[in-house]
Amino acid sequence: MIVSDVTKPQMDRVTEAVKDFNEFIDLVPIESKSDGGYSLYIDIQKGDVAITVSDTRTFLRNWFKSLKIECDSNPRDFY
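When the sequence shown is numbered by my numbering, its final residue is 81 and no position is left out of the sequence of numbers.
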């Protein structure tokens, strides 16, 4: 998932929010210097990967929508 126009404190908050959403998920934000955004990698430690990825994407889209931040939700995950 790609997120643009987001601050470091917002990324810290969403990382914690994802951990609260599902304790077996780690959100790994990788900063992109070229476009001022982040690539978000979802590290799933337990559970059904396909369902967990889908649920987590929906959670992230809604979380960022509340901040009026657009995110690219096209699947780029490796199963």
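Keep in mind the hints are simulated off the structure, nothing from the lab.
Fair warning: there could be bad hints in the mix.
With a straight-line Cα cutoff of 27 Å, these simulated DSSO-like cross-link-like pairs (lysine-lysine) come out [said to hold, decoys possible]: (1) K70 / K10; (2) K10 / K35; (3) K21 / K67; (4) K70 / K48; (5) K10 / K67.
Right, here's what the structure says about each hint:
Taking the CA atoms of K70 and K10, the gap is about 16 Å. The hint holds against a cut of 27 Å. A C-alpha spacing of about 13 Å is found between K10 and K35, which places the hinted pair at or below 27 Å, so the restraint holds. The suggested pairing of K21 with K67 holds, with an alpha-carbon distance near 18 Å, which does not exceed 27 Å. As the CA atoms of K70 and K48 are separated by approximately 31 Å, the hinted pair breaks the 27 Å bound.
For the suggested pair K10 and K67, the alpha carbons sit about 17 Å apart, so the restraint of at most 27 Å is met.
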